[in-house]
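From these two lone chains plus the hints, build me the complex, please.
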Amino acid sequence: MLKKRVIPVLLSKDGVIVRSRKFSLHQTTGNYLEQVKRYIEWGADEIIYLDISRKNESYFSDNYQTIGSRTSGAKIENITSFEDIIRTIAKNCDVPLTIGGRIEKIDDAENLLKIGADKIMVNSLLHKNFPEVQSIIYKYGSQCVVAGIDVKRVDNDWRVFHSFGKIDSGLSINEFIPLLENIKVGELLIQSIDRDGSGNGFDLDLAKRVQNLTNLPIIFLGGAGREKDFLDLVDVNNETAIAAANFFHFSELSIYKLKKYLSSNNVNIRII
Amino acid sequence: MSEICIIDYGHGNIASIYYALHNIGANIQVSNSFSDIKKSDKLILPGVGSYRSGFDALKKNNLDDILTEVVMFKKKPILGICLGMQLMFSHSEEGDSEGLNWLNGKIEKIKVKSREKLPHIGWNTVTDLKTNSIVPHENGELLSEYYFVHSYAFQERNEIVTHWCNYGYGFAASIESENIFGMQFHPEKSHRAGIKILSNFLKL
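Same order as they appear, the protein sequences are chains A and B.
Numbered according to the numbering used here, the first sequence spans residues 1 to 272.
Numbered according to the numbering used here, the second sequence spans residues 1001 to 1204.
Derived by calculation from the structure, the hints in this document are not laboratory data.
Even glycine gets a Cβ: it sits at the ideal position worked out from N, Cα and C.
Be aware that one or more of the hints could be misleading.
What the hints assert, rightly or not - When the alpha-carbon atoms are kept at most 25 Å apart in a straight line, the in silico DSS-like pairs for lysine-lysine are as follows:
1) A:K91 with B:K1196
2) A:K260 with A:K37
3) B:K1059 with A:K139
4) A:K91 with B:K1203
5) B:K1039 with B:K1060
6) B:K1042 with B:K1075
7) A:K139 with B:K1060
8) A:K184 with B:K1106
9) B:K1130 with B:K1203
10) A:K91 with A:K114
11) A:K208 with B:K1117
As the list claims (entries may be wrong) - In silico contact screen, one side only, chain A against chain B (beta carbon under 8 Å); selected entries:
12) I40
13) L113
14) I115
15) D118
16) Y140
17) Q143
18) E187
19) N215
20) L216
Same shape as in the complex, but just chain B (with noise of 0.2 Å):
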């Protein structure tokens, strides 16, 4: 059965995440090694916390660079979620930190409207821009709504973005490029439809 790599970078709610790919039957690595990293068939980026120190306990693993190989030039299918996925573009302004610089574009603080409450925290509807090859649907229906919790969000409508959460202006709530998945709710934590983003992550 093909193997599933959790990054551990210190930066995310690895138990969450490990337990939920457990219940599906996946076949599950918690590394931060090159080694591990590279024989595994899938990774996850996990992610929860400030960009900065995200990205610079990245960094100092060496993981900015093993990851970029294995990803960028080798194509392994990868899934980052919340921050996980936030680390994936160039640049934040959280901390005005760099990131791993695999997608164009920024993250910023959500703009919000009026009286929108900031961290964003709870259960969001999202809207289908796209296909997004992992995000289930039901009698072309998209499936019921994620649970989010974060400030910051990717607030660009490019050609990458698959689903739109309309919170303040409205970001991104799910990306793909490639072999590149994000998604800026948690989809470990999203009950029914979040377990079946994963498993279908896993069947890729």
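Bound-form chain A, shown alone (with noise of 0.2 Å):
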């Protein structure tokens, strides 16, 4: 039987990995690469990887030099660049890893590819340039592109927002979704910018809106707080699989304990 998804998503800025609140505060938190192997070791499905550098990458080079040193000692070495830290996490995944971020073109798609991504995520991209993606799509297959809608409530509805959350896109997430499936994505990571960092919970009427809207793999984010929010949201929503990033970021087998507890309430997990 196929397995409820249990994914951790890893915000990196400026070359290091942050947690994130409502789009906006960033804080620094730690070591990827000692994070990416701790989490496929507690037993995360996947792993998504997703670069939210507002700037330029000459503009914070310096960082990747402190890269490895802050939280655990272990060094990483020869670290210059955002294509350095995919291919080292990518040697140590033996999960599926998804990169996100300043995806523009096939190219960029391509060379995350190259250097060990299975799947890339685009989002602003969908906006700024919909054949773009098509063309992605076409050359890599369905299977490595997964859209990532983040929306907010707006009048009853939930919005679609793209560019870091900053610029509305006009779209409901009802009329989104249906161009999504004409062009074939293989998935949706749908996002709650209002619920980003707050551990509230789910934005459950979200959950329950997507469920008839598209036959496509969805995976769901933002908003986790306690083990009790992904039960809440499986209540709901049975199909989606389920993904955060502080959660899982600052306790100790965060990920093992989940799985163990939503086994333990009837929900059909992977367990190493």
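Here's what the structure looks like:
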């Protein structure tokens, strides 16, 4: 039987791992490589790594020098670029790895896939250059393209935003998803901007809304603060994969414990 | 040490397979040249993306003939992964394309019963139909789950099918036929259980 996927999300800003709140406040947290290794040991079913740097890489290349020394003292060698980070993670990642952020053209996608991404996530590109996303899907297949959908509650509906949640696309989630189905993206990563970093639980109304909207696999992100939040999500929508960033980051064995908890509540999960 | 060649035809997640093999100490070539393929001891045919573009890419590099010679006549062990396994069959409904035709049968879109989603993405359990020489067991039990991502599959339960996955009406999760091995799931992305398959293939 197909298992419910539990997916940790790592957010990287200016070369370091951060936590996020409502897409705006970012605090530095730690070493991405150690974190990825731990997550996999704890039973992460996939890893999603999102780069949310606003600035050009040249502005923060110094940060790369300090990576690795921050939490564990384990220095990672020869990191001078975003690509080096991805390569280092990919080498140590024997579960699927999705990379998102900074993908503006098909060459960017190709490059990421070449250095070890299994899937790429596009978000703003869907709004800025839709045909380019189509080209990526045509060349590399649906299975390797995840569409990122960031939504905010507006007038009792969910509106799709892009460019770090700053620009309102004017489209409701009901209008947007069929467009993505048409071009055959492989999966949807639906994130609630309102709940981002809040720890107040997932947006359950949103989860109900998307349940009957599409037959595409969905990964649901934003708001997890307690183990019970995940169970609440499963109760209203048992079809989505569940993702979190901060929740997994700050407690020892977080994924392992959550999976045990879900499993003991009869959720069909992969336990290692 | 024996050398393994990952066939590079532009349609595989080569980096992931390379890293996984590298981590277990394999001696690896990534190539599409006849001489490399001929001199290596074992082959891996990776594959992601659509069937037709995958098969066209094999043909464009003459890899259909080269591989058929070393696999069907020289009997070199080969492991096909995901689309790589599917390409070993005669035909696929996806793009109505012919395949390498080493194995009889056709690849079709997964027949779903009701609400099952496509693509079939995630970790799924598989059932033993027969022993597969490279799929590990512990105390007679099949090891855990494997990671799948695909919409098409071989859905006939014939004599080469060694593991079955119950999604929709079910499909072949693994096959074995003499020197030919195929996995519909991704061993390189299936954590310990998957890495064990790769290491068993290396030891063959």
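Legend entry - Structure-inconsistent hints, enumerated in ascending order: none
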